[in-house]
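Visitor: The lines below spell out each chain.
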Amino acid sequence: QKEVEQDPGPLSVPEGAIVSLNCTYSNSAFQYFMWYRQYSRKGPELLMYTYSSGNKEDGRFTAQVDKSSKYISLFIRDSQPSDSATYLCAMSAYQAGTALIFGKGTTLSVSS
Amino acid sequence: EPEVTQTPSHQVTQMGQEVILRCVPISNHLYFYWYRQILGQKVEFLVSFYNNEISEKSEIFDDQFSVERPDGSNFTLKIRSTKLEDSAMYFCASSARGKVEAFFGQGTRLTVV
Numbered sequence: 001q002k003e004v005e006q007d008p009g010p011l012s013v014p015e016g017a018i019v020s021l022n023c024t025y026s027n028s029a030f031q032y033f034m035w036y037r038q039y040s041r042k043g044p045e046l047l048m049y050t051y052s053s054g055n056k057e058d059g060r061f062t063a064q065v066d067k068s069s070k071y072i073s074l075f076i077r078d079s080q081p082s083d084s085a086t087y088l089c090a091m092s093a094y095q096a097g098t099a100l101i102f103g104k105g106t107t108l109s110v111s112s
Numbered sequence: 001e002p003e004v005t006q007t008p009s010h011q012v013t014q015m016g017q018e019v020i021l022r023c024v025p026i027s028n029h030l031y032f033y034w035y036r037q038i039l040g041q042k043v044e045f046l047v048s049f050y051n052n053e054i055s056e057k058s059e060i061f062d063d064q065f066s067v068e069r070p071d072g073s074n075f076t077l078k079i080r081s082t083k084l085e086d087s088a089m090y091f092c093a094s095s096a097r098g099k100v101e102a103f104f105g106q107g108t109r110l111t112v113v
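Chains A and B, in that order, are what the protein sequence lines are.
Under my numbering, the first residue of the first sequence carries the number 1, and numbering increases by one thereafter.
Under my numbering, the first residue of the second sequence carries the number 1, and numbering increases by one thereafter.
Don't take each hint at face value.
When the alpha-carbon atoms are kept at most 35 Å apart in a straight line, the in silico DSBU-like pairs for lysine-lysine are as follows [said to hold, decoys possible]:
(1) B:Lys99 to A:Lys56
(2) B:Lys83 to A:Lys104
(3) B:Lys83 to B:Lys57
(4) B:Lys42 to A:Lys42
(5) A:Lys42 to B:Lys83
(6) B:Lys57 to B:Lys42
(7) B:Lys42 to A:Lys104
(8) A:Lys67 to B:Lys99
(9) A:Lys67 to B:Lys83
(10) A:Lys56 to B:Lys78
(11) A:Lys67 to B:Lys42
(12) A:Lys56 to B:Lys42
(13) A:Lys104 to B:Lys57
(14) A:Lys42 to B:Lys78
(15) B:Lys78 to A:Lys67
(16) A:Lys70 to B:Lys57
(17) B:Lys78 to B:Lys42
(18) A:Lys42 to B:Lys57
(19) A:Lys67 to A:Lys42
(20) B:Lys83 to A:Lys56
(21) B:Lys99 to A:Lys42
(22) B:Lys99 to B:Lys57
(23) A:Lys56 to B:Lys57
(24) A:Lys56 to A:Lys70
Away from chain A, derived, C-beta distances all over 12 Å, residues of chain B [claimed, not checked]:
(25) Gln11
(26) Glu18
(27) Ser27
(28) Ser66
(29) Thr76
(30) Leu84
(31) Gly107
Examples of chain B residues lying across from chain A (beta carbon under 10 Å, computed) [stated by the list, open to error]:
(32) Gln6
(33) Tyr50
(34) Ser95
Simulated from the structure, these hints should not be mistaken for laboratory data.
All residues carry an ideal CB built from backbone N, CA and C; glycine is no exception.
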């Protein structure tokens with residue numbers, strides 16, 4: 001079983017839609033959860049960071065972690081064409097200095 | 001805003017040659033990383049570096065690879081005797097003291113021919 005699974009999409013939505021992106025994982029030791037955005041042939045850009053379970057909101061973005069289900073989500077409200085990118089979830093069992101384990105990424109396309 | 005910078009942006013090398021990929025991490029960060037992403041695949045961890053030594057490495061990071069912090073600002077990844085399958089985007093990242101969130105550079109696209 002793969003450690004982190006993420007539906008690769010592509011996911012196509014109209015401008016203004018609410019987008020839900022998800023990852024599941026198998027390692028119950030993961031405690032630190034991140035979402036990155038990656039444009040084509042560019043480096044991952046950190047969007048959200050969450051520790052353990054719960055919700056975190058930042059502008060149009062909300063990250064949710066459900067450790068009991070080993071399931072994390074990123075919601076994007078009022079999606080914009082500029083949100084079109086690949087969204088990567090990443091997670092780690094330990095604090096600084098250790099490996100982030102990434103999902104494969106979901107490609108999102110927002111049409112105007 | 002501080003950022004991780006990587007050079008070169010694209011490197012083409014012949015199979016069997018050695019390459020050095022260079023990175024300047026964010027200045028007050030203490031943890032440094034290399035990741036790679038083969039086209040169409042996941043971002044994969046290679047190695048982390050702290051206090052002038054490797055703190056963790058993946059099974060990908062074999063004797064072909066080495067890392068170095070030659071001075072106070074640069075962090076390098078050396079790949080000896082490159083193979084076709086080493087062709088990938090290589091990302092440098094760094095994180096601050098006590099922080100797990102890593103900030104990534106724009107990557108070096110390595111093409112082995």
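Visitor: For every hint, state whether the structure bears it out.
Guide: Status of each hint after checking the structure:
1. With a CA separation close to 17 Å, the supplied pair B:Lys99 and A:Lys56 stays within the 35 Å bound.
2. A distance of roughly 24 Å separates the Cα atoms of B:Lys83 and A:Lys104; the hinted pair therefore holds under the 35 Å criterion.
3. Between B:Lys83 and B:Lys57 the alpha-carbon distance is near 20 Å, which keeps this suggested pair within the 35 Å criterion.
4. With a C-alpha separation of about 14 Å, the suggested pairing of B:Lys42 with A:Lys42 holds against the 35 Å cut-off.
5. Distance check on the hinted pair: A:Lys42 and B:Lys83 sit about 23 Å apart at the alpha-carbon level, within 35 Å; holds.
6. Distance restraint check for B:Lys57 and B:Lys42: the Cα-Cα separation of roughly 17 Å lies within the 35 Å cut-off, and the hinted pair is therefore satisfied.
7. For the hint linking B:Lys42 to A:Lys104, the alpha-carbon distance of about 5 Å falls within 35 Å, and the restraint holds.
8. In summary, the hint linking A:Lys67 to B:Lys99 is supported, as the alpha carbons are separated by about 20 Å, within the 35 Å threshold.
9. At roughly 40 Å between alpha-carbon atoms, A:Lys67 and B:Lys83 are farther apart than 35 Å, so this suggested pair is violated.
10. A hinted pair counts as satisfied when its Cα atoms are at most 35 Å apart, and A:Lys56 with B:Lys78 does not qualify at roughly 39 Å.
11. The hinted pair formed by A:Lys67 and B:Lys42 meets the criterion: a straight-line CA distance of about 22 Å does not exceed 35 Å.
12. Taken as a hint, the A:Lys56 and B:Lys42 pair is honoured in the structure, with Cα atoms around 25 Å apart against an allowance of 35 Å.
13. Taking the CA atoms of A:Lys104 and B:Lys57, the gap is near 20 Å; set against the 35 Å cutoff, the hint holds.
14. Only pairs whose Cα atoms come within 35 Å are accepted, and A:Lys42 paired with B:Lys78 is accepted, the gap being roughly 21 Å.
15. Distance hint between B:Lys78 and A:Lys67 is unfulfilled; the C-alpha atoms sit about 38 Å from each other, more than 35 Å.
16. A threshold of 35 Å between alpha carbons decides the hint, and for A:Lys70 with B:Lys57 the separation of about 25 Å falls inside it, so the pair holds.
17. Our distance criterion of 35 Å between C-alpha atoms is met by B:Lys78 and B:Lys42, whose separation comes to about 21 Å.
18. A hinted pair counts as satisfied when its Cα atoms are at most 35 Å apart, and A:Lys42 with B:Lys57 qualifies at roughly 23 Å.
19. The hinted pair formed by A:Lys67 and A:Lys42 meets the criterion: a straight-line CA distance of about 30 Å does not exceed 35 Å.
20. A distance of roughly 43 Å separates the Cα atoms of B:Lys83 and A:Lys56; the hinted pair therefore is violated under the 35 Å criterion.
21. For the given pair, B:Lys99 sits about 23 Å from A:Lys42 by alpha-carbon distance, which is consistent with the 35 Å threshold.
22. For the hint linking B:Lys99 to B:Lys57, the alpha-carbon distance of about 18 Å falls within 35 Å, and the restraint holds.
23. Restraint check for A:Lys56 and B:Lys57: satisfied, since their Cα atoms lie roughly 31 Å apart, inside the 35 Å limit.
24. Between A:Lys56 and A:Lys70 the CA atoms are separated by roughly 17 Å; this keeps the pair inside 35 Å, and the hint holds.
25. At the 12 Å boundary, the C-beta of B:Gln11 stays outside the reach of chain A, the nearest C-beta of that chain being 14 Å off.
26. For B:Glu18, the non-interface assignment is confirmed: its Cβ lies about 24 Å from the closest Cβ of chain A, beyond the 12 Å cut-off.
27. Chain A leaves B:Ser27 outside its interface by the beta-carbon criterion, the shortest separation being 16 Å against a cut-off of 12 Å.
28. At the 12 Å boundary, the C-beta of B:Ser66 stays outside the reach of chain A, the nearest C-beta of that chain being 18 Å off.
29. The beta carbon of B:Thr76 is kept farther than 12 Å from every beta carbon of chain A, the shortest such distance being approximately 17 Å.
30. Against the 12 Å criterion, B:Leu84 stays outside the reach of chain A, whose nearest CB is about 20 Å from its own CB.
31. With a least CB separation of 5 Å from chain A, B:Gly107 falls inside the 12 Å interface cut-off, contrary to its annotation.
32. Nearest Cβ of chain A to the Cβ of B:Gln6: about 8 Å, under the 10 Å cut. The hint holds.
33. Taking 10 Å as the C-beta contact cut-off toward chain A, the hint placing B:Tyr50 at the interface holds, the least distance being around 5 Å.
34. The restraint placing B:Ser95 at the interface with chain A holds, with a minimum CB-CB distance near 5 Å, inside the 10 Å limit.
Consistency with the previously given hints fails for numbers 9, 10, 15, 20, 31, ordered from lowest to highest.
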